[in-house]
Amino acid sequence: MTVCPECRGAVSVPDDVMAAEIVVCGECSSELEVVAVTPTVLALAPEVEEDWGE
Amino acid sequence: MTVCPECRGAVSVPDDVMAAEIVVCGECSSELEVVAVTPTVLALAPEVEEDWGE
Amino acid sequence: MKATVLGAAGYVGGELLRLALGHPGLEVVQATSRRHAGRPVGLVHPHLRHHAGLLFTEPDVLEPVDVLFSALPRGELARVHDQITSVARTVVDLGPDFRDPEGPGGAAYVTGLPELYRGALAGATRISVPGCMATAAAVAIRPLVAAGLTQDDVVVDARTGSSGAGGEPSRATHHPERQHAMRIYKATGHRHEREIARLCGVRARMTVTAVPLVRGVQVVAHLRPPRPVSRTEVWSAFRDAYADEPFVRLVAHRSGLHRLPDPQFLYGGNFVDLGFDVDDDGRRVVVVAALDNLVKGAAGGAVQSLNVAQGLEEQTGLDFPGLHPV
Amino acid sequence: MKATVLGAAGYVGGELLRLALGHPGLEVVQATSRRHAGRPVGLVHPHLRHHAGLLFTEPDVLEPVDVLFSALPRGELARVHDQITSVARTVVDLGPDFRDPEGPGGAAYVTGLPELYRGALAGATRISVPGCMATAAAVAIRPLVAAGLTQDDVVVDARTGSSGAGGEPSRATHHPERQHAMRIYKATGHRHEREIARLCGVRARMTVTAVPLVRGVQVVAHLRPPRPVSRTEVWSAFRDAYADEPFVRLVAHRSGLHRLPDPQFLYGGNFVDLGFDVDDDGRRVVVVAALDNLVKGAAGGAVQSLNVAQGLEEQTGLDFPGLHPV
Amino acid sequence: MKATVLGAAGYVGGELLRLALGHPGLEVVQATSRRHAGRPVGLVHPHLRHHAGLLFTEPDVLEPVDVLFSALPRGELARVHDQITSVARTVVDLGPDFRDPEGPGGAAYVTGLPELYRGALAGATRISVPGCMATAAAVAIRPLVAAGLTQDDVVVDARTGSSGAGGEPSRATHHPERQHAMRIYKATGHRHEREIARLCGVRARMTVTAVPLVRGVQVVAHLRPPRPVSRTEVWSAFRDAYADEPFVRLVAHRSGLHRLPDPQFLYGGNFVDLGFDVDDDGRRVVVVAALDNLVKGAAGGAVQSLNVAQGLEEQTGLDFPGLHPV
Amino acid sequence: MKATVLGAAGYVGGELLRLALGHPGLEVVQATSRRHAGRPVGLVHPHLRHHAGLLFTEPDVLEPVDVLFSALPRGELARVHDQITSVARTVVDLGPDFRDPEGPGGAAYVTGLPELYRGALAGATRISVPGCMATAAAVAIRPLVAAGLTQDDVVVDARTGSSGAGGEPSRATHHPERQHAMRIYKATGHRHEREIARLCGVRARMTVTAVPLVRGVQVVAHLRPPRPVSRTEVWSAFRDAYADEPFVRLVAHRSGLHRLPDPQFLYGGNFVDLGFDVDDDGRRVVVVAALDNLVKGAAGGAVQSLNVAQGLEEQTGLDFPGLHPV
Ligand SMILES: NC(=O)c1ccc[n+]([C@@H]2O[C@H](COP(=O)([O-])OP(=O)(O)OC[C@H]3O[C@@H](n4cnc5c(N)ncnc54)[C@H](OP(=O)(O)O)[C@@H]3O)[C@@H](O)[C@H]2O)c1
Ligand SMILES: NC(=O)c1ccc[n+]([C@@H]2O[C@H](COP(=O)([O-])OP(=O)(O)OC[C@H]3O[C@@H](n4cnc5c(N)ncnc54)[C@H](OP(=O)(O)O)[C@@H]3O)[C@@H](O)[C@H]2O)c1
Ligand SMILES: NC(=O)c1ccc[n+]([C@@H]2O[C@H](COP(=O)([O-])OP(=O)(O)OC[C@H]3O[C@@H](n4cnc5c(N)ncnc54)[C@H](OP(=O)(O)O)[C@@H]3O)[C@@H](O)[C@H]2O)c1
Ligand SMILES: NC(=O)c1ccc[n+]([C@@H]2O[C@H](COP(=O)([O-])OP(=O)(O)OC[C@H]3O[C@@H](n4cnc5c(N)ncnc54)[C@H](OP(=O)(O)O)[C@@H]3O)[C@@H](O)[C@H]2O)c1
Ligand SMILES: [Zn+2]
Ligand SMILES: [Zn+2]
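Protein chains in written order, with the numbering used here: chain Y, 42 to 95; chain F, 42 to 95; chain E, 59 to 384; chain R, 59 to 384; chain S, 59 to 384; chain B, 59 to 384.
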């Protein structure tokens with residue numbers, strides 16, 4: 042169990058996870074990038090700059 | 042059981058129905074006026090002239 | 059029954075997910091999307107956000123299931139049909155690939171419209187759901203053709219909401235162009251004319267208008283009977299055809315605000331409402347049918363057909379009636 | 059010319075105010091309203107807020123004017139007609155009271171539809187503008203009747219926005235019931251059938267649907283020609299009729315998004331857009347007409363007719379073209 | 059349980075009928091309407107047309123029932139309260155009459171908002187459901203007040219669809235005036251400010267806008283925390299409050315199209331979606347709540363509260379999730 | 059003056075065409091579009107169908123003109139700026155490229171907002187029109203900043219129709235996702251915050267919601283004055299600022315249906331309507347501004363600024379007031 046950097050929710054990361062993989066937090070649906078393994082460290086995946094407005 | 046003048050569906054009319062009463066056909070939802078009793082005769086209740094348009 | 063939805067990120071696919079998740083006899087094991095694989099279905103379909111654990115999967119790795127619903131664009135199911143039939147016992151297609159019994163592969167499929175094909179659906183393992191406008195038109199017209207109340211062609215005025223075109227953005231569905239559109243995008247020669255002819259046995263002279271709604275199909279058919287007819291005759295024809303149908307409601311009131319079928323009250327529900335009127339001289343019958351294109355016209359018709367095929371209670375999982383007001 | 063608008067707090071009245079205030083030859087001296095007398099017109103018509111000095115007045119004290127526009131409900135102008143004609147040299151009625159030349163008082167009125175009655179309008183001092191659906195249907199159908207391209211009846215599918223019912227609230231126009239309505243409130247027997255027959259010389263078998271718009275009328279007429287016809291023949295008929303008309307645009311593109319007339323682009327403008335298509339076998343012609351019911355179907359038609367009657371440039375005060383997108 | 063719905067021809071009443079008819083523990087024995095007594099409920103609520111046997115009854119003859127839902131206008135339940143409590147064991151009021159515990163009769167009523175009053179609701183036989191905007195605002199604001207994350211007043215921007223005003227037509231809800239309205243009908247001093255203060259303990263400075271929707275309430279609260287806060291702190295506050303709530307969903311995505319709560323996906327469902335964002339300097343928290351005013355804001359909140367009071371599974375009869383697209 | 063419109067197939071470009079074609083001092087010599095070069099402008103902008111002879115041209119061959127309006131996406135005018143200034147005496151940019159006086163090239167441009175920069179505009183040949191939300195916010199907030207009626211930050215709630223995002227389809231503007239959206243797409247950190255700060259001198263804490271409209275921007279600003287204020291003080295501040303402005307209308311009625319500015323009545327017009335209310339304790343001022351993003355927020359603001367720059371009557375070509383109802 043790793044902690045989500047956005048919401049502090051518990052994120053279950055597969056054992057064989059690799060750096061740069063993307064996992065999704067079940068709590069807040071954030072896409073998280075695996076920035077380190079053993080121990081796993083997660084960071085918010087880069088935000089897509091969608092500007093839906095004017 | 043009386044027949045609906047609109048849709049020929051069977052309309053159940055209470056035994057103690059009186060002339061001029063309004064009953065509703067269960068089949069087509071028409072409002073029906075009791076125009077005679079023993080035997081019961083039903084007629085379409087006068088259509089309300091709602092003109093919902095221009 | 060274990061179930062897979064192909065094209066689950068689309069509009070029909072989302073509706074299938076909603077219905078399957080609420081169906082006591084179905085368990086969703088896969089919901090495929092190429093673009094959203096790995097993400098929760100709720101990111102695309104916000105009404106399903108509480109199913110946090112259900113993630114889209116890639117369409118190329120399919121687990122064996124009892125039933126597979128396909129909500130793919132034209133041609134895509136046909137392309138992978140062999141793979142699909144090897145993993146799924148029953149296939150229900152909501153696209154056009156196998157609708158024509160004389161087209162490639164079509165003969166194996168039963169038409170997923172219980173109102174017209176209930177007998178043939180019992181036990182079926184290949185089901186092809188008709189298009190939403192064809193469903194509405196067929197339900198509206200066929201009983202009158204059967205009763206001899208029309209001549210050889212019928213004017214069919216079909217009105218459709220924007221979800222009928224699916225989830226892919228285009229200039230035609232760009233909000234500023236579409237919100238107030240009364241766009242007659244096909245005045246003549248619509249390809250669904252053929253499907254209607256197949257289902258009803260008359261030529262449909264069809265005109266299709268995109269109207270300012272998201273959901274909903276409404277079909278107005280103008281029929282010229284061979285001789286003057288009365289309202290009562292038309293009532294009889296429809297009652298004979300549909301008296302015991304769980305999802306057909308006859309709506310032809312003579313008073314009140316809502317006298318004829320209007321799709322707005324059918325959002326999310328599996329009903330097809332059916333009504334009519336007759337000109338004073340009995341020489342034209344106007345028949346009106348309304349449905350929710352994504353439910354009775356697609357996902358609901360699919361589930362209803364599956365229920366019939368599997369011998370389940372026909373209404374299972376289809377009990378939401380719609381909303382008023384909306 | 060000094061001008062009065064009767065019924066100026068209504069929807070047609072408000073549109074008359076807008077057009078009259080922008081018309082170089084008109085000066086608004088009175089805008090009547092019983093309920094709002096004494097208040098600025100901008101309280102009711104917020105787009106006219108900058109005309110702070112223009113107040114509604116009671117309808118019972120009328121000053122002498124050159125022209126009086128009446129936008130009253132059915133029967134109300136007839137009731138006060140003598141009073142009106144004593145104060146106004148020219149009367150333009152936008153209501154139904156004098157539309158029927160064979161009805162009471164009708165013979166004195168010229169039909170306010172320059173496309174069909176331009177000659178008769180020259181110099182006229184009594185003008186009765188046809189209903190908005192009748193205007194659209196007549197412009198659509200009459201040239202084909204004249205060209206012998208239809209038989210004795212025509213299926214007319216009319217679609218109307220909510221402003222067509224005027225400014226009085228009712229359950230039918232209550233927003234929650236109306237915003238998503240496809241309400242076929244008159245499937246047969248609409249009273250405008252008679253007006254269309256009068257203007258065109260054929261029976262209109264009319265079905266009217268209230269659609270999710272505020273402004274706009276769209277008429278789709280399905281005609282069965284006596285023999286198969288080609289697109290070219292239809293083009294000719296329309297071009298012969300309307301080549302020089304300033305407010306009729308022929309819109310029948312074979313490509314692009316907006317191929318046939320759609321009322322959304324006509325809001326505020328005085329155009330009637332006209333288009334058509336023909337079935338592959340030449341046995342059905344679909345004609346489509348669109349207009350803004352409050353402009354070409356009412357206030358704009360009135361001003362255009364007045365311009366013709368007074369010998370002014372026909373487009374005076376009617377130069378706003380509509381908007382895109384809207 | 060036998061159930062009666064008072065005011066069943068209204069919008070809240072219709073929604074209660076829909077939910078009660080689909081609730082396995084409820085049997086509708088009476089649906090009252092003065093104007094429509096004797097008619098099938100489907101004439102007023104077209105989505106319920108298939109319940110052909112259910113007719114409206116007069117409100118003055120009430121049969122004994124286990125539960126009575128009242129969806130009457132302000133003051134009407136209070137007027138007949140003695141009669142009602144003599145026929146109904148449990149009373150659930152959806153109107154404002156008994157919302158204020160310090161108002162007449164209010165002390166006997168428990169607030170029908172399980173998220174805040176679940177404990178008090180167990181076993182309750184008098185339940186008063188808060189207003190739809192107050193429900194949304196309270197769910198949004200209270201956890202942050204509890205966590206000390208705001209100062210003494212909060213700017214509350216509430217947006218509401220037209221069904222919030224009920225089924226009675228007026229110029230304010232006349233379709234041509236309402237379809238495109240962004241009408242700030244109450245910029246300051248809205249009476250729900252007091253209700254929110256009662257539920258949350260802070261002053262709400264509220265501005266209410268009528269927006270172009272039929273259903274839906276969205277509340278945007280702008281809070282100034284006493285010191286700069288982080289997103290994570292806000293997440294914690296909300297998770298602590300609502301982690302186990304069946305009808306509260308936290309929606310605060312950092313990517314995708316639908317990042318914050320939007321009422322469009324909640325039509326017909328009982329969810330209140332809740333999300334937030336924080337200014338870069340941590341000095342403003344923007345909290346967003348959305349719900350369907352007729353469901354979670356009225357009929358659904360009533361059924362949920364009744365379920366809690368009766369010890370039933372809280373979600374019974376409330377499983378419809380909403381639609382996408384709609 | 060000969061005029062060219064760059065980006066004429068876009069929404070702002072189409073509005074520029076409409077205004078320029080109706081402007082007595084302007085003659086449109088080129089309307090550029092890469093995708094539609096060679097086609098009549100009416101194919102893209104159906105309201106301009108009667109200008110049959112006006113065809114789009116390629117943007118790379120530009121004739122010398124007196125004035126060039128640029129309605130290109132971000133960055134595109136900057137890219138070709140040298141070419142443009144060699145053919146056009148006056149350049150009016152409606153995009154963001156030169157809005158920041160401290161950004162590249164920005165110093166040469168005068169802000170195209172006569173209400174705030176009329177003096178600087180006289181004789182200007184480089185004009186940069188602010189964004190539509192910034193225009194509304196600046197007109198709303200600046201007089202109160204000037205009068206010392208606010209503290210150092212302001213909560214700005216901006217609501218925008220879908221045309222604000224231009225004519226390119228995307229999932230965000232796909233009709234089924236957008237028609238009923240209350241989409242808070244930017245709760246914090248909107249880039250226009252900087253532009254507003256520049257124009258007003260306070261930090262705007264902005265939250266932007268996409269609402270179910272095509273046209274229209276409405277800005278609701280919540281200001282905390284340093285001491286309690288009265289309605290009268292606010293009236294004074296606005297009257298001092300705008301008494302003689304031809305396009306600013308003060309709308310803060312205490313009765314009637316339409317008390318505060320609502321964009322629906324401004325479609326096609328160049329007004330910015332401005333109103334306000336004050337909390338009972340005088341501690342919050344709510345200011346509301348509304349405009350049509352494509353007119354006062356873009357094309358109309360451009361023409362108005364050009365009129366000022368050229369010494370023409372400021373209202374020339376901008377006389378259309380908007381519609382009611384719409
Ligand atoms: N919309 C209606 O009212 C309606 C009614 C009746 C029948 N139908 C039929 O139902 C089908 C789906 O329609 P829709 O409206 O749901 O369309 P849609 O919203 O466009 O959804 C189609 C989905 O299929 C996936 N997809 C597209 N191309 C694919 C490919 N080559 N291989 C695998 N997946 C692919 C896409 O997701 P990814 O790109 O993420 O994989 C997409 O989300 C169509 O055949 C349509 O004719 C639609
Ligand atoms: N709406 C359309 O699209 C359309 C199109 C073509 C023709 N028309 C015709 O135009 C006329 C007006 O229609 P509308 O849609 O503008 O209706 P409306 O919005 O209801 O306006 C009618 C106005 O007339 C006034 N009025 C009503 N009864 C009156 C009376 N007895 N005496 C004097 N004034 C009275 C009312 O104002 P006060 O109560 O304040 O006096 C009201 O504002 C009708 O005849 C209609 O058939 C309408
Ligand atoms: N709409 C909402 O979003 C919402 C949300 C939360 C709470 N509420 C509350 O729920 C209640 C109902 O609201 P609604 O929107 O459903 O209103 P509504 O649509 O106007 O319905 C009220 C119904 O009550 C009946 N009624 C009216 N006066 C009555 C009387 N004196 N005696 C008996 N019956 C009477 C009417 O039917 P007949 O005339 O046929 O009897 C009417 O259909 C109100 O208290 C409202 O504040 C509404
Ligand atoms: N929409 C608003 O409410 C609004 C308000 C204020 C300011 N603005 C600003 O006005 C500008 C135009 O906005 P819009 O909404 O009209 O956008 P739009 O509808 O997307 O139109 C932009 C037009 O520019 C053309 N274009 C695009 N890229 C080009 C390029 N690289 N070179 C030459 N032409 C190109 C396109 O036509 P072709 O592809 O056919 O050439 C397109 O039709 C933007 O800068 C926007 O920020 C918009
Ligand atoms: Zn998380
Ligand atoms: Zn019957």
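Because the hints were derived from the structure by calculation, they are not lab data. Cβ atoms here follow ideal geometry from the backbone N, Cα and C, with glycine treated the same way. A hint or two may mislead.
[Unchecked claim] Beyond 12 Å from chain S on every Cβ pair, some chain E residues (computed):
{"id": "1", "residue": "60"}
{"id": "2", "residue": "133"}
{"id": "3", "residue": "326"}
[What the hints assert, rightly or not] Coverage of chain E stretches by chain Y, computed from C-beta distances (three or more under 8 Å per stretch; other residues unrestricted):
{"id": "4", "stretch": "69-78"}
{"id": "5", "stretch": "96-106"}
Exercise for review: Hints the structure violates: just list their numbers, smallest first.
Suggested key: 3 and 4
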